[in-house]
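So the protein sequences, as listed, match chains A and B. Using the numbering used here, you'd call the opening residue of the first sequence number 1 and step up by one each time. Using the numbering used here, you'd call the opening residue of the second sequence number 298 and step up by one each time.
You may find that some hints are simply not true.
Unchecked claim - When the alpha-carbon atoms are kept at most 20 Å apart in a straight line, the in silico PhoX-like pairs for lysine-lysine are as follows:
no., chain 1, residue 1, chain 2, residue 2
1, A, K113, B, K457
2, B, K575, A, K109
3, B, K575, B, K457
In short, the hints are calculated from the structure, not lab data. Since the structure is predicted, the reported quantities are computational estimates derived from the model, not experimental observations.
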Amino acid sequence: MNKTKARVRINKLFRFLFQFSGLLCISILLGIFGMLCYNTIAFFTKISPIDFITATQWAPSSGGDTSTYGLLPLLVSTLLVTSGSMVLAIPLGIGTALFMSEYAGAGMKQWLKPTIEMLAAIPSVVIGFVGITIVSPLISTLFGLPNGLNALNGSVLLAIMALPTIITISEDAIHAVPQSLKEASLGLGATYWQTLRGVVLPTAAPGIIAAVMLGMGRAIGETMTVLMATGNTLAFPKSFFDSIRTITATIAIEMGEVPYQTTHYYALFAIAFVLFIITMLVNILAEHIANRIRQFQ
Amino acid sequence: MKPTASHQESPAPYLWLLAGTLLVCLFLFNILFFIFFRGFPALSFDFLIQYPTEGMTQGGILPAIVGTVLLTLMTAVVALPFGIGCAIYLNEYAQDTWLTRSIRAAIRNLAGVPSIIFGLFGLALFVQGLQLGTSLLSAGLTLGLLSLPYLITTTEEALKTVPNAMREGALALGATQFETIRDIVLPQAIPGIATGTILSLSRAAGETAPILFTGAAFFITDVPRNPKEEFMALPYHLYMLSTQHQSIELVRPFAYGTAAVLITLVFLLNLTAIIIRKRYRTHYQ
Numbered sequence: 001m002n003k004t005k006a007r008v009r010i011n012k013l014f015r016f017l018f019q020f021s022g023l024l025c026i027s028i029l030l031g032i033f034g035m036l037c038y039n040t041i042a043f044f045t046k047i048s049p050i051d052f053i054t055a056t057q058w059a060p061s062s063g064g065d066t067s068t069y070g071l072l073p074l075l076v077s078t079l080l081v082t083s084g085s086m087v088l089a090i091p092l093g094i095g096t097a098l099f100m101s102e103y104a105g106a107g108m109k110q111w112l113k114p115t116i117e118m119l120a121a122i123p124s125v126v127i128g129f130v131g132i133t134i135v136s137p138l139i140s141t142l143f144g145l146p147n148g149l150n151a152l153n154g155s156v157l158l159a160i161m162a163l164p165t166i167i168t169i170s171e172d173a174i175h176a177v178p179q180s181l182k183e184a185s186l187g188l189g190a191t192y193w194q195t196l197r198g199v200v201l202p203t204a205a206p207g208i209i210a211a212v213m214l215g216m217g218r219a220i221g222e223t224m225t226v227l228m229a230t231g232n233t234l235a236f237p238k239s240f241f242d243s244i245r246t247i248t249a250t251i252a253i254e255m256g257e258v259p260y261q262t263t264h265y266y267a268l269f270a271i272a273f274v275l276f277i278i279t280m281l282v283n284i285l286a287e288h289i290a291n292r293i294r295q296f297q
Numbered sequence: 298m299k300p301t302a303s304h305q306e307s308p309a310p311y312l313w314l315l316a317g318t319l320l321v322c323l324f325l326f327n328i329l330f331f332i333f334f335r336g337f338p339a340l341s342f343d344f345l346i347q348y349p350t351e352g353m354t355q356g357g358i359l360p361a362i363v364g365t366v367l368l369t370l371m372t373a374v375v376a377l378p379f380g381i382g383c384a385i386y387l388n389e390y391a392q393d394t395w396l397t398r399s400i401r402a403a404i405r406n407l408a409g410v411p412s413i414i415f416g417l418f419g420l421a422l423f424v425q426g427l428q429l430g431t432s433l434l435s436a437g438l439t440l441g442l443l444s445l446p447y448l449i450t451t452t453e454e455a456l457k458t459v460p461n462a463m464r465e466g467a468l469a470l471g472a473t474q475f476e477t478i479r480d481i482v483l484p485q486a487i488p489g490i491a492t493g494t495i496l497s498l499s500r501a502a503g504e505t506a507p508i509l510f511t512g513a514a515f516f517i518t519d520v521p522r523n524p525k526e527e528f529m530a531l532p533y534h535l536y537m538l539s540t541q542h543q544s545i546e547l548v549r550p551f552a553y554g555t556a557a558v559l560i561t562l563v564f565l566l567n568l569t570a571i572i573i574r575k576r577y578r579t580h581y582q
């Protein structure tokens, strides 16, 4: 009788422990959000939000009133390098996904899938190192620049990092298009390519858009590659051949040196908060689009 | 009736898509070939088992290798109980309530949080808030949190493959739900859980941004003896050697060597995961 009681008690205890782990996930997310909010508010008691959004310079100096904390150059750099990477990664990613799903035979697929997985497994610091050692000399010789550490370099690397995400999720979406739709199109006399372009791609479009957004979310938040390969010059970028400094790189460079609880310290949390909100919105939007297709199926 | 030109299958689309796919594959092979080709001269047994000397221009990377291994173990210790616990809760206990939906939403959103923000969180909470300092412990806790979402997702997938009939059988024989999970569900799901665990740890081992301000150090004369000490790690070492060292050209061979060791480590972990997955898939189906 006592033994049964003990078993029931253990059962209850573990149920509680498992549930606690679940609640922990919510508290981590809330904790991150709270931590960013708290420090951002501390920042706004010293620098007005309007200055933060409108100032065109990020020039923190140690002490004194000469510092300006302008979000714009960092935000523009982040958006520039991300949009560049998407221009490269979207056609290549969707094309590869289409090839893998619709043209590649079983034997070829057996090789392609692990290749994409391996590309995804390469640590970002190694991709950044490749930016310094391969992509940078390539860019400087191709375009006759003194060095190749610029936005274009960052875009190429971020494209490589976003590709596995875009390819894998798009391929799932393309693969999920019902065979009957394809057969109907082929039966009406369309060629295979016309079928892919006119029927398969439009049907898979929501899934592909979700894939692109997830890849973009990854590119926006990526730190090491842009930190190593874009030169980190603090100025408004004018073209892809300019050196840039993204939000993530700024945090990585300056957080190590700033004294605890200074305006500068809080400023880094404020830009992190902006980054957090952007990636969150991109992910929620991607999820929303992906959910809508699920309703159709 | 003669088909019009537009109805003839042109080989062009196939060739374009093939070219694109090959280009993607070329990225990988290029990166691997380049790093191993340039890193090969630096690689030797001594490189793996010696301490760095003469300001990193001589010797090896032993402390960085040991540091990464210890950090990965620490990550596993932090992430495994909570990750598996949460996955068990979601798959075995949870009904479709607002609480469950919030937990799932939190996990999806956590997966999208940039790694540098985990680094900031680790700095604010563990290093400064809990006064753990920049240490192996702080960095391991930070990476543990970062690994949770992926670990939970893969573990839940593994739990889903266990047939419901087995659970019902155990419950009908009088086992409590916890006993069913411990004796029936978990043993069945172990290969899948192991695969997911190894994959998420291989990701954590390659991360740099979260350990930048939570405990990684450029140069330490010894391997860490307790969790409150700072440590060297392979990804951080590669970052420092390739951008922050005074004589970057002089240590370039070491940077290639470090990159080659890091990639080898990550791929070995991935390979182990793939082998486990393959082996048990053929075993059960």
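- Query: Would the pair K113 (chain A) and K457 (chain B) pass a check requiring their Cα atoms to be no farther apart than 20 Å?
  - Reply: Given pair K113 (chain A), K457 (chain B) is violated - Cα atoms ~23 Å apart, limit 20 Å.
- Item | Straight-line alpha-carbon gap K575 (chain B) to K109 (chain A), limit 20 Å | holds (16 Å)
- Message: What's the verdict on K575 (chain B) and K457 (chain B), does the C-alpha distance respect the 20 Å limit or exceed it?
- Response: Answer holds: K575 (chain B) to K457 (chain B) is near 18 Å, not above 20 Å.
In this structure, only the earlier hint numbered 1 is contradicted, and the remaining ones agree with it.
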